[in-house]
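Q: Protein sequence lines, in the order shown, are assigned to chains G and C. In terms of the numbering used here, the first sequence opens at residue 2 and continues consecutively. In terms of the numbering used here, the second sequence opens at residue 469 and continues consecutively.
It is worth saying that the hints were derived from the structure and are not from the lab. It is possible that some hints are incorrect.
As the list claims (entries may be wrong) - Below 27 Å or equal to it, Euclidean Cα-Cα: the simulated DSS-like pairs (lysine-lysine) are: (1) G:Lys72 with G:Lys6; (2) G:Lys101 with C:Lys525; (3) G:Lys57 with G:Lys6; (4) G:Lys55 with G:Lys72; (5) G:Lys106 with C:Lys477; (6) G:Lys6 with C:Lys539; (7) G:Lys69 with G:Lys106; (8) C:Lys525 with G:Lys106; (9) G:Lys106 with G:Lys57; (10) G:Lys101 with G:Lys57; (11) G:Lys57 with G:Lys72; (12) C:Lys539 with C:Lys482; (13) G:Lys101 with C:Lys539; (14) G:Lys6 with G:Lys106; (15) G:Lys69 with G:Lys57.
As the list claims (entries may be wrong) - Far from chain C by the CB rule (all over 10 Å, computed), these chain G residues: (16) Gln7; (17) Gln15; (18) Ser50; (19) Lys55; (20) Phe66; (21) Leu67; (22) Ser75; (23) Pro80; (24) Asp85; (25) Leu102.
Cβ coordinates follow ideal geometry from the N, Cα and C atoms, glycine included.
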Amino acid sequence: DQQVKQNSPSLSVQEGRISILNCDYTNSMFDYFLWYKKYPAEGPTFLISISSIKDKNEDGRFTVFLNKSAKHLSLHIVPSQPGDSAVYFCAASTGGSNYKLTFGKGTLLTVNP
Amino acid sequence: NAGVTQTPKFQVLKTGQSMTLQCAQDMNHNSMYWYRQDPGMGLRLIYYSASEGTTDKGEVPNGYNVSRLNKREFSLRLESAAPSQTSVYFCASSEQLLSDTQYFGPGTRLTVL
Chain G
2 DQQVKQNSPS LSVQEGRISI LNCDYTNSMF DYFLWYKKYP AEGPTFLISI
52 SSIKDKNEDG RFTVFLNKSA KHLSLHIVPS QPGDSAVYFC AASTGGSNYK
102 LTFGKGTLLT VNP
Chain C
469 NAGVTQTPKF QVLKTGQSMT LQCAQDMNHN SMYWYRQDPG MGLRLIYYSA
519 SEGTTDKGEV PNGYNVSRLN KREFSLRLES AAPSQTSVYF CASSEQLLSD
569 TQYFGPGTRL TVL
């Protein structure tokens, strides 16, 4: 049972345009959502997060939107740059004593010059 | 400030052999984690340590043991390696268990023949 789903294995975007990466989840107990970026042969690096009490969080070129009723979140990158080419993982966590952090399978973003 | 370091970077084992993957962080973080990543899969949590002296099972703990040696170090042991444990292993740390940012090491690529 995959509780965090990234249904697009890959996405190709032109430099300067917007990249939109999507993520769906099924567990209503998730209350914190994160995006990580991963380059080949490196560990993932934290990108941006959002709490379930918010519906938007922005950090520079990166914005994460959360739609709790649809159990959907998205990461917008604008403008996209070739250096953004990487695998992006969506992750969701539960709090309290039953800690759980679940990752999606990732989306490979390619930004073409 | 090296962040999170992992040794070794690569390892090849025969079925039934044992080995220990080492992880250390120099950020004075309380919580540490071990993940595995398989092709086409997201990161899956093997074990975590909320604080020095405590360890808990994650999503896929079978076949592994861990030791939180001190605040800096968290090791992962395979007692009798199996081909199904061929994977890339990532260690991570965070200030607290529910901190949004986990800092990842560069990974250990393990092949079990």
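Q: Now, for every hint given, state plainly whether the structure supports it.
A: Cross-check of the supplied hints:
Between Lys72 of chain G and Lys6 of chain G, the direct Cα distance comes to roughly 11 Å. Compliance with the 27 Å bound is thereby established for this hinted pair. For the given pair, Lys101 of chain G sits about 10 Å from Lys525 of chain C by alpha-carbon distance, which is consistent with the 27 Å threshold. Our distance criterion of 27 Å between C-alpha atoms is met by Lys57 of chain G and Lys6 of chain G, whose separation comes to about 20 Å. A hinted pair counts as satisfied when its Cα atoms are at most 27 Å apart, and Lys55 of chain G with Lys72 of chain G qualifies at roughly 13 Å.
With a CA separation close to 23 Å, the supplied pair Lys106 of chain G and Lys477 of chain C stays within the 27 Å bound. For the hint linking Lys6 of chain G to Lys539 of chain C, the alpha-carbon distance of about 34 Å lies beyond 27 Å, and the restraint is violated. For the proposed pair Lys69 of chain G and Lys106 of chain G, the alpha carbon gap of about 21 Å is at most 27 Å, so the pair holds. About 21 Å separates the Cα atoms of Lys525 of chain C and Lys106 of chain G, which keeps this hinted pair within 27 Å; it holds.
Under the criterion of a C-alpha separation no larger than 27 Å, the hint pairing Lys106 of chain G with Lys57 of chain G is consistent with the structure, at around 23 Å. Note on Lys101 of chain G and Lys57 of chain G: the hinted pairing holds, with a Cα-Cα distance of about 23 Å set against a maximum of 27 Å. For a cut-off of 27 Å, the pair hint linking Lys57 of chain G to Lys72 of chain G stands: about 14 Å separates their Cα positions. With a CA separation close to 32 Å, the supplied pair Lys539 of chain C and Lys482 of chain C exceeds the 27 Å bound.
Our distance criterion of 27 Å between C-alpha atoms is met by Lys101 of chain G and Lys539 of chain C, whose separation comes to about 21 Å. At most 27 Å may separate the alpha-carbon atoms for a hinted pair to count; Lys6 of chain G and Lys106 of chain G meet this at roughly 7 Å. Straight-line distance between C-alpha atoms of Lys69 of chain G and Lys57 of chain G comes to about 11 Å, which keeps the hinted pair within the 27 Å bound. At roughly 8 Å, the least C-beta separation between Gln7 of chain G and chain C is not larger than 10 Å, which violates its mark as non-interface.
Every CB of chain C lies more than 10 Å from the CB of Gln15 of chain G, the least distance being 26 Å, so the non-interface label holds. With a cut of 10 Å on Cβ distances, Ser50 of chain G falls inside the contact zone with chain C, its closest approach being about 4 Å. Consistency note on Lys55 of chain G: stated as away from chain C, and its beta-carbon is indeed over 10 Å from all of that chain's, at 12 Å minimum. Annotated as non-interface, Phe66 of chain G keeps its C-beta farther than 10 Å from every C-beta of chain C; the closest such distance is 17 Å.
Residue-level check passed: Leu67 of chain G sits 14 Å from the nearest beta carbon of chain C, beyond 10 Å. Distance check on Ser75 of chain G: its Cβ is at least 17 Å (rounded) from any Cβ of chain C, clearing the 10 Å threshold; non-interface status holds. Non-interface call for Pro80 of chain G relative to chain C: holds, since the shortest CB-CB distance, roughly 25 Å, exceeds 10 Å. No Cβ of chain C approaches the Cβ of Asp85 of chain G within 10 Å, the least distance being about 18 Å, so the stated non-interface status holds.
Residue-level check failed: Leu102 of chain G sits 6 Å from the nearest beta carbon of chain C, not beyond 10 Å.
Violated hints, listed in ascending order, are 6, 12, 16, 18 and 25; each of the other numbered hints is respected by the structure.
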